[in-house]
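Here are the chains, one letter per residue:
2 protein chains.
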Amino acid sequence: MKRYQAIFQPSGRRGEIPEGTTVLEASRLLGVGIESVCGGKKTCGKCRIRIDSGTFDQYGIHSHPDHLSPFTGEEGKLLGENERAQGVRLACAATIQGDVLIVVPEESQTGKQVVRKEASEKKISLNPAVRLFPVTLPFPTLNDPLGDYERLVAALLERFGLQRPGIDYPALLALPGALRKGNWTVTAAIWMEREILAVFPGEVEEAYGLAIDIGSTTVAGYLCSLRTGKLVGTESRMNPQVTYGDDVIARITYVMEHPDGLEKIRGAIIECLNDLIRTVTGNAGLFPSDILDIALVGNTAMHHLFVGIDPHPLGISPFTPAVHRSLDIKARDLGLAVHPAANVHILPIVAGFVGADNVGVLIAEEPYRRDEMTLIIDVGTNGEMILGNRKKLLSASCATGPALEGAHIRFGMRAAPGAIERIRIDRETLEVSFKIIGVERWRPEFRIKSALGICGSGVIDGVAELYRAGIIDQSGRFRTDLATPRLRMAEGKPEFVIAWPDETALGEAITISQQDVRSVQLAKGALYAGAKLLMKELGIEKLERVVLAGAFGSYIDKTEAMILGMFPDCNLDHVSSVGNAAGDGARIALLNCDKRLEAEEMARQVEYLELTLAKEFQQEFTSALFIPHMTDAFPHLPPLDHKN
Amino acid sequence: MKRYQAIFQPSGRRGEIPEGTTVLEASRLLGVGIESVCGGKKTCGKCRIRIDSGTFDQYGIHSHPDHLSPFTGEEGKLLGENERAQGVRLACAATIQGDVLIVVPEESQTGKQVVRKEASEKKISLNPAVRLFPVTLPFPTLNDPLGDYERLVAALLERFGLQRPGIDYPALLALPGALRKGNWTVTAAIWMEREILAVFPGEVEEAYGLAIDIGSTTVAGYLCSLRTGKLVGTESRMNPQVTYGDDVIARITYVMEHPDGLEKIRGAIIECLNDLIRTVTGNAGLFPSDILDIALVGNTAMHHLFVGIDPHPLGISPFTPAVHRSLDIKARDLGLAVHPAANVHILPIVAGFVGADNVGVLIAEEPYRRDEMTLIIDVGTNGEMILGNRKKLLSASCATGPALEGAHIRFGMRAAPGAIERIRIDRETLEVSFKIIGVERWRPEFRIKSALGICGSGVIDGVAELYRAGIIDQSGRFRTDLATPRLRMAEGKPEFVIAWPDETALGEAITISQQDVRSVQLAKGALYAGAKLLMKELGIEKLERVVLAGAFGSYIDKTEAMILGMFPDCNLDHVSSVGNAAGDGARIALLNCDKRLEAEEMARQVEYLELTLAKEFQQEFTSALFIPHMTDAFPHLPPLDHKN
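Which chain is which? The protein sequence lines are A and B, in order.
Residue numbers for the first sequence follow this note's numbering, so the first one is 1 and each next one is one higher.
Residue numbers for the second sequence follow this note's numbering, so the first one is 1001 and each next one is one higher.
Simulated from the structure, these hints should not be mistaken for lab results.
Because the structure is a prediction, the values reported are computed rather than measured.
Mixed in with the good hints, there may be bad ones.
Straight line, CA to CA, 30 Å or less: simulated DSBU-like cross-link-like pairs of lysine-lysine [stated by the list, open to error]:
{"id": "1", "chain 1": "A", "residue 1": "K330", "chain 2": "B", "residue 2": "K1181"}
{"id": "2", "chain 1": "B", "residue 1": "K1042", "chain 2": "B", "residue 2": "K1493"}
{"id": "3", "chain 1": "A", "residue 1": "K181", "chain 2": "B", "residue 2": "K1264"}
{"id": "4", "chain 1": "B", "residue 1": "K1330", "chain 2": "A", "residue 2": "K330"}
{"id": "5", "chain 1": "A", "residue 1": "K449", "chain 2": "A", "residue 2": "K42"}
{"id": "6", "chain 1": "B", "residue 1": "K1181", "chain 2": "A", "residue 2": "K181"}
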């Protein structure tokens, strides 16, 4: 088989690639992150790349667009004439037939996302699973030749009342050396008062743990002192599985269709986490082996792909997970390069689509300790909801599709530099102002040629503002009688210009189309209908609190979200964003083992409502497609300036 | 650094060896087994080799004795003139300085030992730790989307009353596939009703386990059905650690003196066990992964070296082990290539020199269920003893040295083909008859030129017969007034010819020297004195039972052993050999988990008596050096034909 040189820019990664490999496959082989929402099915059009022509002496290659396979019909459907003229190709469609220098434009790069998973300043009461116990032992003599482990256990009983904890294999290996090096004073790190994980010579005061939140898009790690609970470092990474498919279903499909898919996709996240671990410990002046405990959350698919469980059953009805209850697996079994005796505590799962991330939100928000009827919405690719109070909790999952994250939207993109994240439309002039991620001011002169697309919060703002300004009606249809050049027809369908060509880096206008509005309606309709069914099931008429969770949730303008009708009416003062509550939940579980038990109990108590089985769902969904709703009243919304 | 070709014969192993490497090191690098009792200290003289001169076209080398470093003073002390003339060298002293073809004579090869670890036909009541539980589950629907693990656990509770067993990581990974492949009928392999180790599609009836006995010299594996208890296969290997030192102390020294010593010596036994596992399962038509449970015994040093614990503290006073209690370690953590979820149960340890092998003997012999006062002697490089009955058990370890195994004896050797294993001396003529391992008959015509040395049981026979025939007196001194050419002087000291030069393969006579008799006296004196101290401690005057355990024990002639005075007087009808009782103990622990608890309890109850602390030891030892004893009476021995 022939092999050709492929060089990716701007990363500079290069390698010899077998003839006929797609550019997307080549990017994975070389560790280059290219967006691929559909997982290489040639349907999303997100993996745009182009070839630089010329002889590149520094690489010793001659690159030419003809060194890719011919332009395909699928690319014709997804790429504009303009793009085609500029030599843009889809990485999943074009195969390598010669030496190529491949340019990955910023909007196709996966590595550039703004990581929105800061740890909140939540106060967490401290009761870690792993604690340090310093002891001094009487040293052995011929009259008292008791073995090292029994000697240690006797001292732990005498000094701390610990009842004969077991000892993990790596700790047993370290024990004789540590006792003698420490001159019979050692510090034992013990998990749940049950298992000795490590024995250090002398007195050691600090132990560290890591809370991990594996999102479909972003992976975050929070390094904490287990003695003080203090956050010692935070580090985030793009989830490298993104290159195998943007959403959960695409990744499950990838695993199903590739014999080595599970191994690859799991290898990618483990490698990413080990890299994150090296960085977050290194920045704190620590070693990876200083991490003695890990608590981890993620949705059910991320959970399965991390553990290495075939996710296949999650992709087909009835969507059963392999396990609900929390897991404690040795880091060494999982391949995580922390202390080999560390346990990885993975929070429990409620159901196939209500995962350990939602359980994390649950123990962070504790609706089960409140009287108020609270709706928690975790907005992401799927919308997971928990409704209830101290008496009862219900959960559901809504297939919102990725529109609310900016995907499946003509100019949608992730929350990355260049994304429009806020939009306001003047009621009178219908002029648009917007804010771009990475550009501090709203003033137009700062944003010339910088916009690349619209991210999730911008999409919600945009459709809500189109409605507020009377540009679309309650059913989402564009009005056609408005005197503004921004409202225009494209291929016979109306669209509204958010950014003019001279305000974008694309060389064309960024618009919101009728199709985009429909996608948002479908997504928000699913959320709203889900919330209504949960309310009916609990027999309640109104919400007393709404909590918007998820890294993305904290960037949503709550008023715009309610104008759009993402959730039923609620006093806006009682609608709040809590940031990355799933990550908070992981930190809480790391620092307080009672909360692990609470999570286990609550995950079992939360009832899961399968929305697709409810016969009213279709009707609720149809009514909820309207903006904000066909019939429901929103007494807490400010009146519209005009009647749509 | 220069490298030379080294070829070992008869194994044919070859490789490029750096200049200056000793022949012994080279043999280890190439996996050739050469005897080395002293571990390369140039003191035992067992690693004799010679160089073949000539040009060997098939190997492309020219070999010459001068291609080794010059003859050393240490070799001069240990090799006879005759041997030196024949070009014999010590592998530990000679270094490689050019291409060599090295001949390893049979008596220096470690791979030839007769493995004397057959499983006994002991009846074992069956209650294995790992049992199979077949269940059929209701399959999941949207109305009942319970996760796989919870579904399995519910069925196990309903059908077998099992209380929510946990699940090991490999089993969790296999679970979703097994359930679907088995169409919701699966068989779970569960350990101690606590942990699901494996889940197989459909109904599976057979599960297998392996009992392992790691001796200093021989490793034995017993493959058993966990359903019927039946022995499905037996396989033995030389312990490859022999190349790092013949006895426990030499191996501990090797680890202390080499930074990578522990890793190497542990790697050798793991590799050996994995090879044994492949063979024993293959011969039974099974796969290594069919082994779901392992029970293992070995002396404390073998235990530590197998687990990977630094054995250093075992080599220096007060000889404390790292751990007494039994261990359950995952096979995957230990690197054993069986089912990855299998647990390796390692029996507990009594003390530094009374190991898991002795605990194996204990649960096989059960002296704690008897009224008779029983002495169990495990004869090996060390002599471990347990004395007691249902009321109390005491243990001790005697530093016998390896004389009783045939080492540190001029013509001593292991129990290998060519070894003299039985000796009788005619009271009148003082003529000798003997039996050689590998030669069926006692008749002289079958043994011409076949004797290579004397193994342990032959040494005991020899010294006892010298005493019975009046050739040595009670103090072990040779008489000088006997009219037989067999009694002769060598370098001014008397020796007795067992085999004439034309009866040996050595080209010289095999003799028992005054020094050899002294070595045996020291060894048996230590055993006897130990037994006496244990008896005093328990306040008893006479033994009611004596059990000779150990692979070697079963080959000892019990009458000759008592004539020699290896243990105090006892009715010979109540002296028995039990073969490899340690291996039986491993099988018992494999097949009956109640016996594991019993072992744990008994190992804690057995008191260890440190003989070196007892002030009467020296006096007892001195008296016990006499044959059979200076003062003790042996009413159960037949009277001697004459007064020595």
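For each hint, the structure was consulted:
For a cut-off of 30 Å, the pair hint linking K330/A to K1181/B stands: about 28 Å separates their Cα positions. About 24 Å separates the Cα atoms of K1042/B and K1493/B, which keeps this hinted pair within 30 Å; it holds. Annotation: proposed proximity of K181/A to K1264/B holds, straight-line Cα distance about 23 Å (limit 30 Å). A threshold of 30 Å between alpha carbons decides the hint, and for K1330/B with K330/A the separation of about 11 Å falls inside it, so the pair holds.
A hinted pair counts as satisfied when its Cα atoms are at most 30 Å apart, and K449/A with K42/A qualifies at roughly 29 Å. With a CA separation close to 53 Å, the supplied pair K1181/B and K181/A exceeds the 30 Å bound.
Of the numbered hints given earlier, the model fails hint 6 alone.
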